[in-house]
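Number of protein chains: 2
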Amino acid sequence: MAIEKISPSTNGGTHVAPLDASKLVVNLAKTLKPLVPSEDLIFGETKTDHMLVVSYEPATGWSAPEIKPYGPLNLDPASSCFQYCPNVFEGMKAYLGPNGEPRLFRPDKNMERLSRSVERVALPPFDTSVLLELIKRLVMVEARWIPSEPGHSLYIRPTVIGTRAALGVAASDSAIIYVIVTPAGPYFRGSVKGIPLLAVGESVRSWPGGTGGHKLGLNYAPGFLPQRIAAKQGYSQILWLLGDDAKITEAGAMNFFAVARRDDGDLDIVTPPLDGTILPGLTRASCLALLDGHTQGRLTLPGIALTQRLYTHERTLTMSEIAAWSADGKLLEAFGVGTAVIVAPVGRIGWEGKDLVLPSEETGLGPVGKALWERIVDIQVGKVEWEGWSVSCV
Amino acid sequence: MAIEKISPSTNGGTHVAPLDASKLVVNLAKTLKPLVPSEDLIFGETKTDHMLVVSYEPATGWSAPEIKPYGPLNLDPASSCFQYCPNVFEGMKAYLGPNGEPRLFRPDKNMERLSRSVERVALPPFDTSVLLELIKRLVMVEARWIPSEPGHSLYIRPTVIGTRAALGVAASDSAIIYVIVTPAGPYFRGSVKGIPLLAVGESVRSWPGGTGGHKLGLNYAPGFLPQRIAAKQGYSQILWLLGDDAKITEAGAMNFFAVARRDDGDLDIVTPPLDGTILPGLTRASCLALLDGHTQGRLTLPGIALTQRLYTHERTLTMSEIAAWSADGKLLEAFGVGTAVIVAPVGRIGWEGKDLVLPSEETGLGPVGKALWERIVDIQVGKVEWEGWSVSCV
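Each protein sequence line maps, in turn, to chains A and B. Per our numbering, the very first residue in the first sequence carries number 981; after that it's consecutive. Per our numbering, the very first residue in the second sequence carries number 981; after that it's consecutive.
With the rest of the complex left out, here is chain A:
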């Protein structure tokens, strides 16, 4: 099915106000909250002082964007966001650069994906480059909340929700964009060890023709019950399988990578392909680019020999294959990647009643995962420059 294209500034041929950063109104909080010590941060729990809000009505278009004190949204109970869930979001992070300046990591990629997500659930479109400008303004206002410790950051959550206040099942012709930020330490705090995954095929996260390739809020709630059941069995996340051949799709809310050693010592690094059932993760794309860069001699990954060849593969990966590699002693490591975790080691995988234990269960990240984590963090904080990935907000 062709994806419908609508010009950002038109609505059925009638010109309405486009999203416009020059109209930004900043209303600062009268008193500021005390900062939370970095060691006490739990992912996504701390609310900062301000948020960005802008709304769309079909008759008038986008309102003047506002940075204002963090506070509740007031919404009609019939709103589409509650009833039919046309809600999309992004996950981004801000870091402090070498001169203390706030930086973002490949934010244009988040904006491209957000634009596709908005389109997929038929929300009113807008120019995401304008939103990026507004996000930078919000990050500057909230800069004191950016933790400076390595692996810490200010997590940014741009969200778009449908606010049509009527129960007829139809696309939401009104919407709110809002952006909140929250200081973040490591996602799996205290787990330097590998995380345990439970491979699940009875509940299915996504399907060909479904929405698993888009960053929609509605992709997540179906995983809550399986995740709770897995947690009771001692697993911290689900490894989502698809089909009779137990194809691996994602791990929790992360993209999945497995590393296998060849007989000659070269490494195969495999991640499932973007076939519409997999979220096109920014960290996934960045890992692939860095691994390829190493093998091409364009960069050196820390701790990996210059001569070590890393062959990346975006292809179908089944549980049987992982199990065979493990049995043959070829499985070097597996890890999940995503904006929140960056790179998280997999310790074991529960599958068909048995646990497949990975070498990194006790040690945490293996050599490839560790190299990626270090290089990405170095780029994010501006210590290493690489292809303009780190963008200053100033």
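No wet-lab data here; the hints were simulated from the structure. Zero decoy hints are in this set.
Intra- or inter-copy, both count: the list cannot distinguish identical chains.
Derived pair list, reagent style SDA-like, types lysine to any residue, alpha-carbon separation capped at 20 angstroms:
id	residue 1	residue 2
1	K1212	A1150
2	K1227	W1187
3	K1048	A1145
4	K1116	S1372
5	K1212	P1038
Let chain A serve as the given structure and place chain B on it in line with the hints.
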């Protein structure tokens, strides 16, 4: 995967307040809105004077339920309902009975399904029979809004949303139940003719292991874009297909029925089975029960000969089969059923670039659809008593 059972009044072993109708607080609006003439009603657009609201927090349990003036919900922007969409709802209707008393149609079935939906997205559980008592109280408070015209009713929308205000991807341990009502005329107003459906297989509504068998808000937004594209091609709803064999699942947000005439004049009435990809619709179940009742001689459907045998089948139904019946002149009618529409005739089905035109395109409901519509409405308004399906709120 086994479905987790949690006792309604416990939370991790700690007893917290259960949902309790005896704690109901009623705060009536100071001024009431003017009623909307029935001919001006558009489905789901009119807001009445009051709503029911009750909230859950893990430390304390369910709050005192409140009937209060209709108004906005105030929610933290990090709330799970916006971010990860653990939102469920039901569709019910209230009718005026012979003595002017408000009546509900098989409300216990809605409550059973709601309970399953709440469990599926790991929301805090509650005793839905208590919620039903509260819904009856709300209907009595809003009784002046129930239209008395045939085919009209007060549509009731019980909703449960997750309100955990943190961004970590996990089940929502807090929630709000709210119930809003809206006076409703016929869903497809002005369309006495059959509705045109576009059969779509590239986008899929649901899949094995997915959530299509539960009444979750998140099942609906993925259909908005396909529906908009279909509307531009002149079709009013999507006929959702699944798999390479083009299995029919649902029509828009309705269950689907097709009627084929046998050589001997008996009728086969086929609807897809409840295999987890199909919503277990109340109207679907009621249609099957009434059709079986007719063939068993337990009731007579209006306009259908006593001797006319109606064989119901809950089984896989493919587009090829529909097309073959149509080509052979055996396809008598097809219709969608649901709480909002009751029974809606299908006029034509666009599939593989051609339109399959049904006999009821010009005339609207065929004999079976019409008989079901009439009998269900008669039962709903208490004109015909049948197995306790119509329940007085008094």
